[in-house]
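Engineer: With the hints as extra help, turn the sequences into a complete structure.
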Amino acid sequence: MNINTTKVISLLFFIFSAFYLYTAYQIQVFAFDENAPFNARTFPIYLGYAGLFFSGLKIILPDPNTIKVQYKTLEYKKTLILIIIAIIYGATILKVGYFLTTSLFLFSSYYFLGERRWVLMFLLSFPFVAAFMYLLHGVLDIYLRDPFLQLIGVMG
Amino acid sequence: MIEGILIGLTTALTFQNILMVMVGCFFGTIIGMLPGLGPMTAIALMIPITYGFDPATGLILMAGVYYGAVFGGSTSSILLNAPGVPGTVATSFDGYPMAQQGKAGKALAIAAWSSFAGGTLSAIYLLFMAPSLSKVSLSFRSPDYFALMILGLTAIAAFSSKGQFLKAMMMVVLGLMLASVGQDSLSDITRFTFNNMNLTDGISFVLVVMATFAMSEALTIILKRNDPTSAARQVSLTELGSIKINKEERTKMYKTIPRSSVIGFLIGVLPGAGATIASFLAYGMERNIVNDEEKEKFGKGSVNGLSAPETANNAACSGSFVPMLTLGIPGSGTTAVMLGALLGFGVQPGPRLYMTNPEIFWSIIMSMYIGMVILLILNLPLIPYIARILAVPKNYLIPLILFFSITGIYVMSFNNFDIYLMIGIAVVATFMRLYDFPMPPLILAFVLGGLMEENLRRSLLLSNGSWEFLWDRALTACILLTTILIVIWHVYKTMFKRTKT
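From first to last, the protein sequence lines are chains A and B. If you're matching positions, the first sequence starts at 1360 in this note's numbering and goes up one per residue. If you're matching positions, the second sequence starts at 3 in this note's numbering and goes up one per residue.
Worth double-checking, as some hints may not be accurate.
The calculated lysine to aspartate or glutamate pairs, modelled on EDC-like cross-linking and capped at a C-alpha distance of 16 Å, are [what the hints assert, rightly or not]:
#1 B/K299 with B/E251
#2 A/K1427 with B/E251
#3 A/K1437 with B/D229
#4 A/K1366 with B/D438
#5 B/K105 with B/E251
#6 B/K495 with A/D1422
#7 B/K299 with B/E250
#8 B/K297 with B/E251
#9 A/K1366 with A/D1422
#10 B/K226 with B/E361
#11 A/K1437 with A/E1474
#12 B/K226 with A/E1434
#13 B/K257 with B/E296
Derived by calculation from the structure, the hints in this document are not laboratory data.
Structural biologist: Structure below.
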């Protein structure tokens, strides 16, 4: 049987809406607000029902514009690697600092996407990030935390 | 008004703001030329830069990016038949055939002048319409605002491409759900935080925009093995030819531009509609208006067929600022991003904006003129050079987009959790993009979520819990009736098409 993925997504959204609605009913409100015409849970409850309604309709009604994605042609490996690099970047940026992690993130991303022009890769990572940091921190006065640069005495 | 214009000119003509319009237009033209990366991505990437400026300068920069992206999109439509943004699809109908006939330079010139004229005329309409509408909208009450938001969200869903109404409505609900995370604005009760302190203040608007646009578009390009820059590499090799427009062609443009600018502006003002619908409507209208001989040329390189959508899409861009500036309700995904950024600056757009922050209100309008002039200078002589810059391989482009996205969040919160959340939302959005779930309704809903709840709260409390407020006032009832008509029209259109097939 050919499963229509759009309907599967709609079903997932239906389940998500049901969970959202359940959680909305669990929102604690003040005792004096319990029977008020509007309290902290009113709007979320409406949203939960709206989510159930629209996703329910999408599941029930026929889908004339079925979208078929050619899974075999998709580039999973590079996408996954990029996501993992981004997660590592996110995990280290605060501890190591903006300059080093960002430069390494860019350099490794270029590499994993297939780039091998080392000089260009270097120029578009370390000096590029330094220039961008100068623009943000030096010119626009946007604070950038960087323990690494502080450690080596470049940043105050 | 004269005083306002002078305030606007004083602000817009400072060296810094002219520089920002130039940077914005330049950057927007580059992003707009890349198929797959639209104005919302371009604006989202600019948000971190705007933190360092005052609100007027920040918005001028973002507005410049917006016009630039629409302008840039027309270039790739004409030269490569690969529209950079949906609003320039209609441009390719006659622009590309013209380029194939060896008149690429002429087609670019017609597009550039039409965009310039469309943008300038619509800025004049905006100049007169915005203050008047601001005065009218001062009489709006909470039920009217609530109804207007319902109209805006329904309209953006209905105007999504065919068969996507329910998908778009699901995205609207998802956007509102995401907006409901965090402390309730009145009671401070936390909702949907699951005892996670990082969610107490809610999900950042910039995070959602970056995740659903910049980051997910970058991931989609890799996942689908697209190469948006390959088109740009061809542009630099194209022989553009002469950019001179002869008298006969000018005469045709003189007739097309005023009517297309009006239709473009009016469509732009409507919530949910935008440059795409405006350009298609203007193209269709022009085709019906011209004589039979000219009609034959449509699709084969007609001057009218190229000028009409180009005028309309730029006019629609200015038009879309009207609801945002006067009502505080964005009419499109792009202006929703700008509204979110403005709220981040602590500025509340709405009917009082032109009184409380006249420098912002008028400088945006004035910067439109400056932006149009800069775009004209940019697009004509500089296109081959811009195209060369664009020939950056995607191996560099994608990491740079991810870098700008993550930096945007990092400088805002210095919190790892936000980066993880952004990556998570981007992965989900990438998957949903594969199945054509539209993202602009989600952004619009996310931006409007708080305002919508606030207005519903006031309306329900004033009416003591009764839903009669929806039809108590004629204005509220009219707005809701329009919403219902849009839904009926959409259902009828869908069913009629299905029966036909």
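Engineer: For every hint, state whether the structure bears it out.
Structural biologist: So, going through the hints one by one against the coordinates:
1. Straight-line distance between C-alpha atoms of B/K299 and B/E251 comes to about 13 Å, which keeps the hinted pair within the 16 Å bound.
2. With a C-alpha separation of about 44 Å, the suggested pairing of A/K1427 with B/E251 is violated against the 16 Å cut-off.
3. Note on A/K1437 and B/D229: the hinted pairing holds, with a Cα-Cα distance of about 14 Å set against a maximum of 16 Å.
4. A threshold of 16 Å between alpha carbons decides the hint, and for A/K1366 with B/D438 the separation of about 12 Å falls inside it, so the pair holds.
5. Restraint check: the Cα-Cα separation between B/K105 and B/E251 comes to about 13 Å, which is no more than 16 Å; the hinted pair holds.
6. For a cut-off of 16 Å, the pair hint linking B/K495 to A/D1422 stands: about 15 Å separates their Cα positions.
7. At most 16 Å may separate the alpha-carbon atoms for a hinted pair to count; B/K299 and B/E250 meet this at roughly 15 Å.
8. Of the supplied pair hints, the one linking B/K297 and B/E251 holds, its CA atoms being roughly 15 Å apart against a limit of 16 Å.
9. Simply put, A/K1366 and A/D1422 have alpha-carbon atoms about 8 Å apart, close enough for the 16 Å limit, and the pair holds.
10. Taking the CA atoms of B/K226 and B/E361, the gap is about 44 Å. The hint is violated against a cut of 16 Å.
11. Restraint check for A/K1437 and A/E1474: the C-alpha separation of about 12 Å stays at or below 16 Å, so the hint holds.
12. Proximity of B/K226 to A/E1434 is assessed by CA-CA distance (about 6 Å); at most 16 Å being required, the pair is judged to hold.
13. Our distance criterion of 16 Å between C-alpha atoms is met by B/K257 and B/E296, whose separation comes to about 13 Å.
In this structure, the hints that do not hold are numbers 2, 10, in rising order.
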